[in-house]
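> Going letter by letter, the sequence shown gives residues 1 to 616 in this note's numbering.
For the record, the hints were derived by calculation from the structure and aren't laboratory data. Among the clues, some could well be false.
To be verified - No farther apart than 27 Å at their CA atoms in a straight line, the calculated lysine-lysine pairs in the DSSO-like style are these:
no., residue 1, residue 2
1, K286, K599
2, K516, K590
3, K555, K480
To be verified - Cβ pair distances, simulated, as ranges:
no., residue 1, residue 2, range
4, L463, R123, 19 to 29 Å
5, V334, N292, 57 to 67 Å
6, H596, F82, 30 to 40 Å
7, I551, G380, 44 to 54 Å
8, F532, F249, 19 to 29 Å
9, L169, F82, 28 to 38 Å
10, G248, S223, 14 to 24 Å
11, G353, F249, 48 to 58 Å
12, G250, I91, 27 to 37 Å
Values in this document were obtained by computation on a predicted structure and should not be read as measured data. Note that the Cβ used here is the ideal one computed from N, Cα and C, for glycine as well.
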Amino acid sequence: MNGQLSLVDILLVVAYLGVTAYLGWLGWRRTRTAADYLLAGRRTHPFIMALSYGATFISTSAIVGFGGVAGQLGMGILWLVFLNIFAGIFIAFIFLGGPTRRMGHHLDAHTFPELISRRFQSRFIQVFSGLMIFLFMPLYAAAVIIGGCKFFITAFGLGPEHFNTALLLFSCIVAMYVVFGGLKGILYTDALQGAIMILGMTFLLVFTYQHLGGVVEAHKSLSDLDGLVPANLASGGHRGWTSFPEFGFGHARYNMWWSIVTAVILGVGIGVLAQPALVVRFMTVKSKRELNRAVPLGGLFILLIPGTAYVVGALSNAWFVKSGPLFEGTVVRVVDEAKGHAIIKPLRVQDAGGQWGPAGMDNSPGIPVVAAEGEKAAPGQLVTGRSIAQVYANGDREQIIPVFITRALPPWFGMVFLLTLLSAAMSTLSTQFHSLGSAIGRDVYEQLGGQQRKNRTVHVVRLGAIIGIMITVGISYYGKSLDWLIARGTAIFFGLCSATFLPTLIGGLFFRRMTKPAAIASMLTGAGVSAFWLLLVKAKEAGGLQIVRYITGGKDSILWNYPNWPEVDPVVVALPASLLVAVVVSMFTKPPAKEHLDKCFAGEGRTETEPMVIST
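Could you put the whole structure together from the sequences, leaning on the hints where they help?
Below, the structure is given as structure tokens:
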């Protein structure tokens, strides 16, 4: 896209927004009760549920944020796709989905906090969980909306000053069908958006491989670029875009391994199991058979969408080295004479039209390039060459995918991909805003009041969604300049959910001996250890919040002199601690009443071929 909207572009966007508005209206027309608004009437088709689950799970943070991580750090992040499918689809649908749906029906639970609170007969659990979701989910939502806005302004050739306009546009569109359409409107629009994402990402994958000479040639070209890894990344363990970072402990060269494995792969890969918005999806279908039927489509969706983003993110380096705009500069150092790899001091760069202009990198110590064909790099010599993706993205890894799309693909695909990202952002944001409203309305407001408050559930949830949207917009506005927020915001929320909720959820679903005190202690431990680690140990986040600097005299972590620990994600410490507390406290506290457990686990072990009839 060149920044100019054609009539076709305008018609495509208008048609997309029109269909989205219609589906939101359809959801509003079919929403009559709290169960309709919160759980879509519990009769969702498995195809709709699978697409909605996948579209909600995969957002712009996965495509733009983690796609950019792959562009900078390589294909090691593909292990996240494996864990997403194994944990987020197979484990979640086959092992967690059925018990969650069954217990949710028996206890007449409408939200995730309500499910675990009724299992353990604790109003505190519901209020605490609702507050956790309402306070921290806006961080994840902000990561999603920033990713969409950044691509929007890049695709249309707009400057950073237009970010606020894009932010307002995104927020208003999603708010309209979330506030009025409820979960039914969200499910309908998610299905449309999921289908668009499948089409857009399929074309992106095929085009990228075709342009790079096929699958084998593309990966071989990427492997040949190991010598172009920037020095600051190489010192952290980067060994090339087709290799996993160097493993070890106790030295800075292992930092990248611990960052990718603990924060990205484990934090997000395991955290999906305890995502409140996704767990609720299991309670929207009428029987376990629908969950089983949704597994193949859900697995294929996760394999295609984030898998494509991560592969293309890494391969963008091969494309830029082959076809990116030329740089001209003085050779500082020759890296590999045979391959033409060198570090140059950039002086000029070509624009999209082939015109030369200043590189604008006067303070750069040098950039890695592959010398143009026919040129030989030698120290002090003036050469032209092409560089890696993060150079063209001006060091902002969250711009790698947007810049690749605008530079590499046909102009018409820019609009298609914009719709793909719009779909990814809107599908996730709609569910997040719905969860925010449900958390503050159903799980907090109702529980702190009497029956009169319960009669106004839908209205309060809608108001809560609006407040949540406003908080998200505020975080997005002030956090837009943080180049780590898209990927890290997602990982922080997923890790926090897994440490706080996962032991309680699994214990509540599968272990009758799990007690109310154990659930409360486990959740408080998970949240407390996560907060401690984020505020004082994890260097990137702790340094950003700056509280730790008052304790350490300006250092970003209390473990700053212990290599690798400041890179370890809180989930690695908080989740085991939360699990251990759940087990120990359950052993020393009184078990729940048998009558209540019989109600919670009614029908356990029965083969469900027909939907259960539950009065609501």
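> Hint by hint, note whether the structure agrees.
These are the hints, each one checked on the structure:
Taking the CA atoms of K286 and K599, the gap is near 19 Å; set against the 27 Å cutoff, the hint holds. The hinted pair formed by K516 and K590 meets the criterion: a straight-line CA distance of about 9 Å does not exceed 27 Å. Annotation: proposed proximity of K555 to K480 holds, straight-line Cα distance about 24 Å (limit 27 Å). For L463 and R123, the hinted distance range of 19 to 29 Å is satisfied, since their beta carbons lie about 21 Å from each other.
Hint check: V334 to N292, Cβ distance near 59 Å, so the stated range 57 to 67 Å holds. The hinted window of 30 to 40 Å between H596 and F82 holds, with their beta carbons roughly 39 Å apart. The hint said 44 to 54 Å for the Cβ distance between I551 and G380, and at roughly 48 Å that hint holds. Separated by about 21 Å at the C-beta atoms, F532 and F249 satisfy the suggested range of 19 to 29 Å.
Our hint of 28 to 38 Å for L169 and F82 holds, since their Cβ atoms are close to 36 Å apart. The beta-carbon spacing between G248 and S223, approximately 23 Å, falls within the hinted interval of 14 to 24 Å. Hint check: G353 to F249, Cβ distance near 50 Å, so the stated range 48 to 58 Å holds. A beta carbon spacing of about 33 Å between G250 and I91 agrees with the range 27 to 37 Å that was offered as a hint.
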